[in-house]
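**Q** With the hints as your guide, set chain S onto chain D.
Protein chains: 2
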Amino acid sequence: MSNDRALPVLEPDVVPCCPPLTERTLTAEEAVRTAAMFKALGDPVRLRLFSAVASHEGGEACVCDISGVGVSQPTVSHHLKKLREAGLLASERRGTWVYYRVEPSVLAAMGQMLRHYGP
Amino acid sequence: MSNDRALPVLEPDVVPCCPPLTERTLTAEEAVRTAAMFKALGDPVRLRLFSAVASHEGGEACVCDISGVGVSQPTVSHHLKKLREAGLLASERRGTWVYYRVEPSVLAAMGQMLRHYGP
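First to last, the protein sequences are chains D and S.
Counting from 1, position 86 in the first sequence corresponds to residue 86 in UniProt numbering; the numbering is continuous, with no gaps.
Counting from 1, position 98 in the second sequence corresponds to residue 98 in UniProt numbering; the numbering is continuous, with no gaps.
Accuracy of the hints is not assured; some may be wrong.
Chain copies aren't distinguished; within one or between two, either way the pair holds.
Once the Cα atoms are required to be at most 20 Å apart in a straight line, the calculated SDA-like pairs of lysine to any residue come out as [claimed, not checked]:
no.: 1; residue 1: K39; residue 2: R84
no.: 2; residue 1: K39; residue 2: A108
no.: 3; residue 1: K82; residue 2: T22
no.: 4; residue 1: K81; residue 2: T96
no.: 5; residue 1: K81; residue 2: V63
no.: 6; residue 1: K82; residue 2: V32
no.: 7; residue 1: K82; residue 2: E103
no.: 8; residue 1: K39; residue 2: E29
no.: 9; residue 1: K39; residue 2: E85
no.: 10; residue 1: K39; residue 2: E92
no.: 11; residue 1: K39; residue 2: A86
no.: 12; residue 1: K81; residue 2: V69
no.: 13; residue 1: K39; residue 2: H56
no.: 14; residue 1: K82; residue 2: A36
no.: 15; residue 1: K39; residue 2: P20
no.: 16; residue 1: K82; residue 2: R101
no.: 17; residue 1: K82; residue 2: P19
Don't read these hints as lab results, they were simulated from the structure.
Isolated chain D (complex conformation) (with noise of 0.2 Å):
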């Protein structure tokens, strides 16, 4: 009985961490996950590849669809990498081109940690 306290159940598609901030200190464990998700849109050029990927027809982009943000092709790939590794894109290769998408659970549960300070 007292294991089954030990097993949270997830909902499909739901990333369980984290509670809103304004619930309770987050644990360590906690912290170390959801910071770096923060950290990757921490930086100016990678935020605005991120949304030119989550505004683009169909929800998704290669590093061809990605032109006006005034960096480089390799450029823009690693930090489309570096979003990758972070949770909050998806990737997948077909033909001579990744294409990425957003992971709408990932950014979900982010929103949810600031979702007491919402309208």
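**A** Structure of chain S alone, referenced to chain D:
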């Protein structure tokens, strides 16, 4: 007349930056401004301290209220100052101590940017 356009009318308590990340690619200026907020929460210790302030009774806390995060008081002070500089916390000196509280409008603006991903 044309000068009027340069003077945005700000709603009280509303931080104008920025649209949801799904709407369009952020401008360079918007990205610089917003990445600084995300970056401030992109450090595990700082994120824990932020949650400690945000969840503290009355919505505010001084360094004297924060314990159990495993860092020294000077480190706590350093990180709270960084959070204030990023606009996420406001501070007020009362007697011996500086009290910090969350800037709800700034957090709301961050939540707004992630809005399309919420449940």
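**Q** Against this structure, judge whether each hint is valid.
**A** Going down the list of hints, with the structure as the test:
no.: 1; hint: K39 to R84; verdict: both (13 Å within a copy, 17 Å between copies)
no.: 2; hint: K39 to A108; verdict: both (16 Å within a copy, 18 Å between copies)
no.: 3; hint: K82 to T22; verdict: between (28 Å within a copy, 19 Å between copies)
no.: 4; hint: K81 to T96; verdict: within (16 Å within a copy, 47 Å between copies)
no.: 5; hint: K81 to V63; verdict: within (11 Å within a copy, 38 Å between copies)
no.: 6; hint: K82 to V32; verdict: both (16 Å within a copy, 18 Å between copies)
no.: 7; hint: K82 to E103; verdict: within (14 Å within a copy, 29 Å between copies)
no.: 8; hint: K39 to E29; verdict: both (16 Å within a copy, 18 Å between copies)
no.: 9; hint: K39 to E85; verdict: both (12 Å within a copy, 17 Å between copies)
no.: 10; hint: K39 to E92; verdict: neither (23 Å within a copy, 28 Å between copies)
no.: 11; hint: K39 to A86; verdict: both (9 Å within a copy, 14 Å between copies)
no.: 12; hint: K81 to V69; verdict: within (16 Å within a copy, 32 Å between copies)
no.: 13; hint: K39 to H56; verdict: neither (22 Å within a copy, 24 Å between copies)
no.: 14; hint: K82 to A36; verdict: both (10 Å within a copy, 17 Å between copies)
no.: 15; hint: K39 to P20; verdict: both (18 Å within a copy, 18 Å between copies)
no.: 16; hint: K82 to R101; verdict: within (13 Å within a copy, 32 Å between copies)
no.: 17; hint: K82 to P19; verdict: neither (25 Å within a copy, 23 Å between copies)
Of the numbered hints given earlier, the model fails hints 10, 13 and 17; all others are met.
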